[in-house]
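Novice: Here the structure of chain A is known, so what remains is to put chain B in place on it, guided by the hints.
There are 2 protein chains.
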Amino acid sequence: MSLYPKFSFNITHRSAVSGARAGLLKTPHGTIETPAFIFCATKGAIKGAFPREMKAAGTQIILSNTYHMMLQPGSELVEKMGGLHKFIGWDGPMLTDSGGYQIFSLGHGSVASEIKGKRVTHRPKTMLKITEEGARFKSYINGQIFLLTPERSLEIQRQLGADLIVVLDECTPFHVDKSYTECSMHLSHRWALRSLAEFQRGNDGRQALYGIIQGGIYEDLRRQGAEFVNHHPFFGHAVGGSLGASKEQMHDIVGLTLKMLDPERPVHLLGIGGISDIFNGVEQGIDTFDCVHPTRLARHGGALVTADHWMRYEGKGGEHINLRNKIYREDSRPIDESCGCHSCQNFSRAYLHHLLKAQEMLALQALTIHNVYFMNELLKNIREAIRTDTLDIQKKKWAGV
Amino acid sequence: MSLYPKFSFNITHRSAVSGARAGLLKTPHGTIETPAFIFCATKGAIKGAFPREMKAAGTQIILSNTYHMMLQPGSELVEKMGGLHKFIGWDGPMLTDSGGYQIFSLGHGSVASEIKGKRVTHRPKTMLKITEEGARFKSYINGQIFLLTPERSLEIQRQLGADLIVVLDECTPFHVDKSYTECSMHLSHRWALRSLAEFQRGNDGRQALYGIIQGGIYEDLRRQGAEFVNHHPFFGHAVGGSLGASKEQMHDIVGLTLKMLDPERPVHLLGIGGISDIFNGVEQGIDTFDCVHPTRLARHGGALVTADHWMRYEGKGGEHINLRNKIYREDSRPIDESCGCHSCQNFSRAYLHHLLKAQEMLALQALTIHNVYFMNELLKNIREAIRTDTLDIQKKKWAGV
Numbered sequence: 001m002s003l004y005p006k007f008s009f010n011i012t013h014r015s016a017v018s019g020a021r022a023g024l025l026k027t028p029h030g031t032i033e034t035p036a037f038i039f040c041a042t043k044g045a046i047k048g049a050f051p052r053e054m055k056a057a058g059t060q061i062i063l064s065n066t067y068h069m070m071l072q073p074g075s076e077l078v079e080k081m082g083g084l085h086k087f088i089g090w091d092g093p094m095l096t097d098s099g100g101y102q103i104f105s106l107g108h109g110s111v112a113s114e115i116k117g118k119r120v121t122h123r124p125k126t127m128l129k130i131t132e133e134g135a136r137f138k139s140y141i142n143g144q145i146f147l148l149t150p151e152r153s154l155e156i157q158r159q160l161g162a163d164l165i166v167v168l169d170e171c172t173p174f175h176v177d178k179s180y181t182e183c184s185m186h187l188s189h190r191w192a193l194r195s196l197a198e199f200q201r202g203n204d205g206r207q208a209l210y211g212i213i214q215g216g217i218y219e220d221l222r223r224q225g226a227e228f229v230n231h232h233p234f235f236g237h238a239v240g241g242s243l244g245a246s247k248e249q250m251h252d253i254v255g256l257t258l259k260m261l262d263p264e265r266p267v268h269l270l271g272i273g274g275i276s277d278i279f280n281g282v283e284q285g286i287d288t289f290d291c292v293h294p295t296r297l298a299r300h301g302g303a304l305v306t307a308d309h310w311m312r313y314e315g316k317g318g319e320h321i322n323l324r325n326k327i328y329r330e331d332s333r334p335i336d337e338s339c340g341c342h343s344c345q346n347f348s349r350a351y352l353h354h355l356l357k358a359q360e361m362l363a364l365q366a367l368t369i370h371n372v373y374f375m376n377e378l379l380k381n382i383r384e385a386i387r388t389d390t391l392d393i394q395k396k397k398w399a400g401v
Numbered sequence: 001m002s003l004y005p006k007f008s009f010n011i012t013h014r015s016a017v018s019g020a021r022a023g024l025l026k027t028p029h030g031t032i033e034t035p036a037f038i039f040c041a042t043k044g045a046i047k048g049a050f051p052r053e054m055k056a057a058g059t060q061i062i063l064s065n066t067y068h069m070m071l072q073p074g075s076e077l078v079e080k081m082g083g084l085h086k087f088i089g090w091d092g093p094m095l096t097d098s099g100g101y102q103i104f105s106l107g108h109g110s111v112a113s114e115i116k117g118k119r120v121t122h123r124p125k126t127m128l129k130i131t132e133e134g135a136r137f138k139s140y141i142n143g144q145i146f147l148l149t150p151e152r153s154l155e156i157q158r159q160l161g162a163d164l165i166v167v168l169d170e171c172t173p174f175h176v177d178k179s180y181t182e183c184s185m186h187l188s189h190r191w192a193l194r195s196l197a198e199f200q201r202g203n204d205g206r207q208a209l210y211g212i213i214q215g216g217i218y219e220d221l222r223r224q225g226a227e228f229v230n231h232h233p234f235f236g237h238a239v240g241g242s243l244g245a246s247k248e249q250m251h252d253i254v255g256l257t258l259k260m261l262d263p264e265r266p267v268h269l270l271g272i273g274g275i276s277d278i279f280n281g282v283e284q285g286i287d288t289f290d291c292v293h294p295t296r297l298a299r300h301g302g303a304l305v306t307a308d309h310w311m312r313y314e315g316k317g318g319e320h321i322n323l324r325n326k327i328y329r330e331d332s333r334p335i336d337e338s339c340g341c342h343s344c345q346n347f348s349r350a351y352l353h354h355l356l357k358a359q360e361m362l363a364l365q366a367l368t369i370h371n372v373y374f375m376n377e378l379l380k381n382i383r384e385a386i387r388t389d390t391l392d393i394q395k396k397k398w399a400g401v
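Protein sequence lines, in the order shown, are assigned to chains A and B.
For the first sequence, position 175 (counting from the first letter as 1) is numbered 175 according to full-length UniProt numbering, and the numbering increases by one without interruption.
For the second sequence, position 316 (counting from the first letter as 1) is numbered 316 according to full-length UniProt numbering, and the numbering increases by one without interruption.
Misleading hints may appear alongside valid ones.
The list treats identical chains as interchangeable, and a pair is accepted whether it falls inside one copy or across any two copies.
Straight line, CA to CA, 20 Å or less: simulated SDA-like cross-link-like pairs of lysine to any residue [claimed, not checked]:
hint: 1; residue 1: Lys55; residue 2: Gln345
hint: 2; residue 1: Lys55; residue 2: Asn346
hint: 3; residue 1: Lys80; residue 2: His189
hint: 4; residue 1: Lys178; residue 2: Gly318
hint: 5; residue 1: Lys86; residue 2: Arg329
hint: 6; residue 1: Lys357; residue 2: Leu77
hint: 7; residue 1: Lys80; residue 2: Ile327
hint: 8; residue 1: Lys86; residue 2: Gly340
hint: 9; residue 1: Lys326; residue 2: Asn142
hint: 10; residue 1: Lys80; residue 2: Asn346
hint: 11; residue 1: Lys247; residue 2: His175
hint: 12; residue 1: Lys86; residue 2: Pro334
hint: 13; residue 1: Lys326; residue 2: Leu77
hint: 14; residue 1: Lys80; residue 2: Asn325
hint: 15; residue 1: Lys80; residue 2: Arg333
In short, the hints are calculated from the structure, not lab data.
Excised from the complex, chain A in its bound form (with noise of 0.2 Å):
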């Protein structure tokens, strides 16, 4: 009997030209249309939109950061609570990480999302010791030291509930040498054999498990991490590790990564939400996408638009145009006239302006969702383009590229 009995992926298209595939990710909470974008609710919360505002503006999934919600307010209370979807309030799909990327690469909680997806080039001071056992490290919230095994990890994601987790791997610096890398991917690989079992044992057919492919910029290694997650029974796969040191070699490891992968498991590119970015992980075959970008963005004044709007308004590139730009100041239309959300049917690019410069919170909540129905509309348009072959064309409409 399957390990998902809950759970399927079924592949509804295959592109002609490129990797894309367009899909349905069933879970216990509802089916994903893939490609899709996941939402970042690092602290059991999205910053600044309730979850009925998420979904009016469109969204199917939304994760929640193993490493915060275990320090605050602790996964047995969410578990007391029923959970971390009644906990929220979120009845739609859910994913947890395993809580190793803020402890190996991040120490301070609240800058942790903040600069996720970038590189890492040391270890924070919260770090301890990595050990076969796991990784211990200090909250940092209180200091209280904690050890994070795989078998706690793949616990404590039981404990909060979401439908989609992820083993706990070795989340690889970005400096270290070939050798370096592919110790640590066996060391990975051991704690996901780890974590399989772990999750073997306590199996309710609640969540599925992802596993996730180590082995850095080489291709070499890069294979035997393929060839591992391949032939464990993982439900979907992470792409992991280092993606490299340019958006040119991020595109070629992913390529060559996704080639590899077993065809038929969803593939999660981690931490990855830039427009031409999710169009280059669509061709190369990923099927969903994370990333704080497109809330946290918005907390800095920045909305979304696509190409012809930031070339129009702002005249340079970046993917968004920023409202505490004077430039706004008496424009009386909305971030984008042709946009449905609640914001730009409601608000002006003056008044968004006007509350930036005042520091009024409601700014951030109404870029917020404009950035996340922008997202939302973003991956629909992929998914019919997927259908109709025409990725080349949105790709230009909404990247520029």
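Specialist: Structure of chain B alone, referenced to chain A:
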């Protein structure tokens, strides 16, 4: 012809046992059932809630502060954007104050609204000079020097375009003697006549002007203040000036002032928003109240609840419970089981406690919605109680007194 062809105030019920009355206050943007509470969108935004959320929580009317809007983004810009209603996306009734309160008693814009309702014991540093002509002050934003005259306040309020507007008065400091209070009242009366003249000069029927009753804590001066406003064609009256050093004195002064006022005009009590204070004001004949308290309290983690709730959960007065309190850490109940607001329908005290501890802005949004809903329910119950002469029962239930 009436100065106010598009406005009316009809008292539909007068209490047999107190000065309380229920009425209908008609404005071009809708009819307000009174007594009503006016929420503060100080800088053109309710902190943490969209207009649609305010509406969904039963809100009839909001106000914006002329002082803040004239400095940022400026009333000319708001006029250019189609007026305050359109600019901020609120299509219901709206009030603006004269700008005087902030100039005379508060220097710093962002602090201004926070301490509204507190005693004024000294002039702010940004207040430069009061002359017969008006008040000269420095912008708290950039130090620019402004002169606010009665005519200019009216002009700004016309540009903003709220339904209900208020004459500029000198906000008399708290510690001054009777002689200063009397001189100040006469200055305010001369300013009120200039305001009225400017109002009549530009009146297009879209706005209705409130006069302010001064006189501090002195009955004879209050009588002069009341006679002054009664004998000039103001649409409504606002109780201004010092209301004394204690709640008891405030109630005495409000009581004696109300008895002297034209019984057919609506009366507004500036800056009062405590639950028992509202009952006392209603019993004396107040029709509308405004205060930052409900929304400010939310931003500090406080949820307004009826007396039985704060007695049961925190065992002391205060008219609210504080969700930061660790007793709510594992409390799976909503703030109030009987409350119909979005927050009580979706979130537990434990979740709100977690969000507050984690410094998530969603906590403030959720508590704002609850407190707004609570105030609107309170006033709805008060209106019903006036019609059925059961104010005492409601006062016991809501305020515990």
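Novice: I'd like to know which numbered hints this structure contradicts. Please list them from smallest to largest.
Specialist: Result: hints 3 and 4 break, sorted rising.
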